[in-house]
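Asker: Place chain H on chain R using the hints.
Protein chains in written order, with my numbering: chain R, 182 to 494; chain H, 182 to 494.
No lab work stands behind these hints: they were computed from the structure.
Hints may be right or wrong, so weigh each one.
[Claimed, not checked] Here's a subset of chain H near chain R, in silico, CB distances under 8 Å, partners left out: (1) Glu355; (2) Thr394; (3) Asp441; (4) Ala482; (5) Ala484; (6) Glu485.
[Unchecked claim] In silico PhoX-like cross-links for lysine-lysine, where the CA-CA straight-line distance does not exceed 25 Å: (7) R:Lys260 - R:Lys337; (8) H:Lys381 - H:Lys310; (9) R:Lys488 - H:Lys488; (10) H:Lys488 - H:Lys310; (11) H:Lys488 - R:Lys337; (12) R:Lys488 - R:Lys310; (13) H:Lys260 - H:Lys337; (14) R:Lys310 - R:Lys381; (15) H:Lys337 - R:Lys488.
Owing to the predicted nature of the structure, the values given are computational and were not obtained by experimental measurement.
Cβ coordinates follow ideal geometry from the N, Cα and C atoms, glycine included.
Here are the chains, one letter per residue:
Protein chains: 2
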Amino acid sequence: MTSPFSIGIIQDLADQDPAANLARATRLIREATARGAQIICLKELFNAPYFCKAQHADRFDLAEPIPGPTTDALQTLAKELEVVLVVPLFERQGPGVYRNSAAVIDADGSLMGVYRKMHIPDDPLFYEKYYFTPGDGPSPAGSPLSPEASGFKVWKTRYATIGVLICWDQWFPEGARLTAMQGAEILVYPTAIGWHPAEKATHGEHQQAAWETMQRSHAIANGCFVVAVNRVGFEPDPSSSGKPQAGIEFWGQSFIAAPDGRIVVRAPVEHEAVIVQEIDLAEIDASRIGWPFFRDRRIDAYAEITKRFGDGD
Amino acid sequence: MTSPFSIGIIQDLADQDPAANLARATRLIREATARGAQIICLKELFNAPYFCKAQHADRFDLAEPIPGPTTDALQTLAKELEVVLVVPLFERQGPGVYRNSAAVIDADGSLMGVYRKMHIPDDPLFYEKYYFTPGDGPSPAGSPLSPEASGFKVWKTRYATIGVLICWDQWFPEGARLTAMQGAEILVYPTAIGWHPAEKATHGEHQQAAWETMQRSHAIANGCFVVAVNRVGFEPDPSSSGKPQAGIEFWGQSFIAAPDGRIVVRAPVEHEAVIVQEIDLAEIDASRIGWPFFRDRRIDAYAEITKRFGDGD
Chain R
182 MTSPFSIGII QDLADQDPAA NLARATRLIR EATARGAQII CLKELFNAPY
232 FCKAQHADRF DLAEPIPGPT TDALQTLAKE LEVVLVVPLF ERQGPGVYRN
282 SAAVIDADGS LMGVYRKMHI PDDPLFYEKY YFTPGDGPSP AGSPLSPEAS
332 GFKVWKTRYA TIGVLICWDQ WFPEGARLTA MQGAEILVYP TAIGWHPAEK
382 ATHGEHQQAA WETMQRSHAI ANGCFVVAVN RVGFEPDPSS SGKPQAGIEF
432 WGQSFIAAPD GRIVVRAPVE HEAVIVQEID LAEIDASRIG WPFFRDRRID
482 AYAEITKRFG DGD
Chain H
182 MTSPFSIGII QDLADQDPAA NLARATRLIR EATARGAQII CLKELFNAPY
232 FCKAQHADRF DLAEPIPGPT TDALQTLAKE LEVVLVVPLF ERQGPGVYRN
282 SAAVIDADGS LMGVYRKMHI PDDPLFYEKY YFTPGDGPSP AGSPLSPEAS
332 GFKVWKTRYA TIGVLICWDQ WFPEGARLTA MQGAEILVYP TAIGWHPAEK
382 ATHGEHQQAA WETMQRSHAI ANGCFVVAVN RVGFEPDPSS SGKPQAGIEF
432 WGQSFIAAPD GRIVVRAPVE HEAVIVQEID LAEIDASRIG WPFFRDRRID
482 AYAEITKRFG DGD
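Only chain R is shown next, with the shape it has when bound in the complex (with noise of 0.2 Å):
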């Protein structure tokens, strides 16, 4: 592997022509790629607006399978550039099974693998549990599923070990732990994430930094790289059309968190952007020196973390 390297983050939007969404990623990765990246980052549902604002039975039409021809597209892609894929997508696995999911494709254009979205949220504007089969839990032994299929992991692509989150997905240390034990260098988070109107002057600004806050502590307790990738623009809610200002204003700031947790780089708030960062792998190597967390993990205390809450009262 080499390093120092080059990460690129596509911050964009999407509108309903899914060819349209295909050709501008197509063009802004090559763009990033002209500027030296090496590992190229989609948004959350990279090809479509985010179509969660409202239960639609319609909206399933979006899905496609993976491998599939958008993923066929971006691995020929990958292979002629030589550049790493993370292409978040609407997945159809099988009939009535649609996922929320991210692919990763290898710098020689080959299909790694599949990251299914393990935490699935649901609130107004964000109907994901409607849409999306939350991604599988670990097979128990002996299953005739792979266990490729499922549950948090990484992959060894040619420029460094990535491990892929989505969204919702980036409040949970959880998450962010198990894939660090994997070995992931950096962890990418393909993000949908914007203000609703009706918050956003009271809450907006806290929750922007909640969100940051919450991944920059990831690079932290974790001593690795990571890569958040939003989504920008207002995107109106179509079945909303009669009420002002129905929809979400999604807030970019896409962002790189070192292992130290500051932020390397941060992508503007209301505008596309393509941002190309070199990053240096030996950062996490002397974070864990200095900050010797794995070390002194209390691996025999943490059992009861599979239990939902305490009785509370």
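Answerer: Showing chain H alone in chain R's frame:
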């Protein structure tokens, strides 16, 4: 329980005289109480200099049992003032078994129990593995040892349910999670953290930011309050008196973070301070409804968190 209510933070220093340190703490606790504080937290190893800067067998003389003279005195004070006290002490549990502990005293003066630091650091100027036996993990079923003696835990005090963790624990999301899952409304982190003179210029800003970021992330991920109580001021290392700048500059900046991660109050970097801050426990449920992370934890997929690390390479 009454809410809103007020938290008190005693951010101070300590010199070589334990009696003077107790007298100072008593005076500052009275001041905090006069200003309305109901749960008052002292810094890590409150009644001694941070003696772990070097390995000296005679410093074990600083330890005392719990209950012991210091907790006796502070139980009397707590009863008189009707305040809850978190009292971090160097505990002598028995011959050769010394702990970095915190006693919890309820507002009626009763000693509710003791937390024993689970994650023990060991770095230049922080030689804690020499002095402290780590807090024990959970006792196996049928053990004659009291389960109350070990692990992560909470106390239902008169004013709130609090969990106590100590300093290095603050870097481990697992400890915060396991304490919050038991119902903690407030996570208290008595701390002794500062700048190593050789590192302050190059790393100091990022180190302090990382420290604050990690603890804010515990507030966010667990939808609870976090109260960090740090030591302040420069302490020379007596064993290194010949070297310029040998010692630790404790960076103060004790703070309270709300469940949405915002910093409610932050103490100064260089001065002793008594912080009294009203907080509203109703923010906890509001935050957890807005960000329902406990709803969505993938407890079926977290078992591997009890492993040390993957194969890596």
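Asker: Taking the hints in turn, state whether each one holds.
Answerer: Hints, one by one, checked against the model:
no.	hint	verdict
1	Glu355	holds, 5 Å
2	Thr394	holds, 5 Å
3	Asp441	holds, 5 Å
4	Ala482	holds, 4 Å
5	Ala484	holds, 6 Å
6	Glu485	holds, 6 Å
7	R:Lys260 - R:Lys337	holds, 16 Å
8	H:Lys381 - H:Lys310	holds, 24 Å
9	R:Lys488 - H:Lys488	holds, 17 Å
10	H:Lys488 - H:Lys310	holds, 22 Å
11	H:Lys488 - R:Lys337	holds, 21 Å
12	R:Lys488 - R:Lys310	holds, 22 Å
13	H:Lys260 - H:Lys337	holds, 16 Å
14	R:Lys310 - R:Lys381	holds, 24 Å
15	H:Lys337 - R:Lys488	holds, 21 Å
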